[in-house]
Amino acid sequence: MVKLILRDKEYEVKPGMTLLSALQKSEILPESVIATREGEMILEDEILKDGEVIKLIAVISGG
Amino acid sequence: MRQHKLALCKEHYLEWVPEQTDRFIKKYNMFTRDEKILVAVSGGKDSLGLWDILVRLGYQADGLYLGLGIDGGIDYSHESQRLTEKFANEHNLKLHIVDIEKEYRQSIPVLSQMTHRGHGKPCAVCGLTKRHEMNRIARDLGYDVLATGHNLDDEAAVLFGNTLSWSGEYLLRQGPVLPAGDGLARKVKPLCRFYEREMTAYCLVRGIEYIYEECPFAEGSQSIYYKELLNQLETTRPGAKLTFYLRFLEARKSGELFVEKDMEQAHLHPCPNCGQPTSAPDLCSFCRMIEKVNSVPAS
Numbered sequence: 001m002v003k004l005i006l007r008d009k010e011y012e013v014k015p016g017m018t019l020l021s022a023l024q025k026s027e028i029l030p031e032s033v034i035a036t037r038e039g040e041m042i043l044e045d046e047i048l049k050d051g052e053v054i055k056l057i058a059v060i061s062g063g
Numbered sequence: 001m002r003q004h005k006l007a008l009c010k011e012h013y014l015e016w017v018p019e020q021t022d023r024f025i026k027k028y029n030m031f032t033r034d035e036k037i038l039v040a041v042s043g044g045k046d047s048l049g050l051w052d053i054l055v056r057l058g059y060q061a062d063g064l065y066l067g068l069g070i071d072g073g074i075d076y077s078h079e080s081q082r083l084t085e086k087f088a089n090e091h092n093l094k095l096h097i098v099d100i101e102k103e104y105r106q107s108i109p110v111l112s113q114m115t116h117r118g119h120g121k122p123c124a125v126c127g128l129t130k131r132h133e134m135n136r137i138a139r140d141l142g143y144d145v146l147a148t149g150h151n152l153d154d155e156a157a158v159l160f161g162n163t164l165s166w167s168g169e170y171l172l173r174q175g176p177v178l179p180a181g182d183g184l185a186r187k188v189k190p191l192c193r194f195y196e197r198e199m200t201a202y203c204l205v206r207g208i209e210y211i212y213e214e215c216p217f218a219e220g221s222q223s224i225y226y227k228e229l230l231n232q233l234e235t236t237r238p239g240a241k242l243t244f245y246l247r248f249l250e251a252r253k254s255g256e257l258f259v260e261k262d263m264e265q266a267h268l269h270p271c272p273n274c275g276q277p278t279s280a281p282d283l284c285s286f287c288r289m290i291e292k293v294n295s296v297p298a299s
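Protein chains in written order, with the numbering used here: chain A, 1 to 63; chain B, 1 to 299.
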């Protein structure tokens, strides 16, 4: 499985899908995050592999 | 960056962002290299990113940090001040720090409680205080211009809210530059055409450490809700946020939005206490708030 981490929440998706599909499946708006793997940004068309941990950085701020 | 149909490597991205910023600074006549700029820095990605970009571009940019006294269980203000000071020290930049509690006897959350403004949340008092203090300090210290890190998502969310309520006066005032007036410093938003996502990416690639935690009072705020709605639109229609904002600026400039351009300026007068312009009949909103606070005996 692939783990997505956004703040204190974790999501799991099946490997083999793109980052964009993984975000959509997890009901996360792609526009609201930047995805990183081992500290490096990755793009929406990247295929996620089994065992990977993707850290999502929230971009929305304000009040 | 789907809205620009552009993909860049790290190196070129770090060149592209300052180049575009400089283009916007010139396009909207924000300031020149001869002018002194005061950058309002909160420790967040946008303001630290802006300060970094302006310095890289060779502008004379000093920082202003306002200590708001917000804890929220995460030591929010202390941590944001620490990161701002760290950035200033690492880049050898001049940073002015103003502690609101020291200046006005109370922190923002306490000011909010005492004045009953903002329906139980301190955001209204925070916004009012920040606008007042940023202007006061820019004016008192002789800066030519005050720069804030508002990005396109901030601007689009404000525009969306003001459009929903057809707040004509606010719509007429919104733009990349708010010109100087009697007692009002010129205010500029050099990042107004960058997506929030682009500024986050800039800080990540550039290695700028910023406060990631959200202000504890921002949760559930209207502006964040509007941003989420606009991001839903952006996901299905890339470029929608940019088009929304840019077409608004064009419409405002061409005069097709509203007729009376100087409506707001017409009835502004200096506050008898602080001298800043206000449309209130006597003291400005900020001074009224402080007067109210000072009338309460210290516990």
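Quick caveat, the hints were computed from the structure, so don't treat them as lab data. Please note: incorrect hints may appear among the correct ones.
[Said to hold, decoys possible] Stretch by stretch, here's where chain A covers chain B in the computed footprint (C-beta under 8 Å, at least three residues): (1) 147-158; (2) 217-228.
[As the list claims (entries may be wrong)] Residues from chain A that keep clear of chain B, each with C-beta distances beyond 10 Å, as calculated: (3) Y11; (4) V13; (5) K14; (6) P15; (7) G16; (8) M17; (9) S21; (10) T36; (11) R37; (12) M41; (13) E46; (14) I47; (15) K49; (16) D50; (17) G51; (18) E52.
As the structure is a prediction and not an experimental result, all values here were calculated from the model. Backbone N, C-alpha and C define an ideal beta-carbon position, used for all residues, glycine too.
Status of the hints after comparison with the structure:
no. : hint    : result
1   : 147-158 : holds (count 3)
2   : 217-228 : holds (count 7)
3   : Y11     : 17 Å, holds
4   : V13     : 18 Å, holds
5   : K14     : 22 Å, holds
6   : P15     : 23 Å, holds
7   : G16     : 22 Å, holds
8   : M17     : 17 Å, holds
9   : S21     : 13 Å, holds
10  : T36     : 7 Å, violated
11  : R37     : 13 Å, holds
12  : M41     : 7 Å, violated
13  : E46     : 13 Å, holds
14  : I47     : 17 Å, holds
15  : K49     : 22 Å, holds
16  : D50     : 26 Å, holds
17  : G51     : 23 Å, holds
18  : E52     : 19 Å, holds
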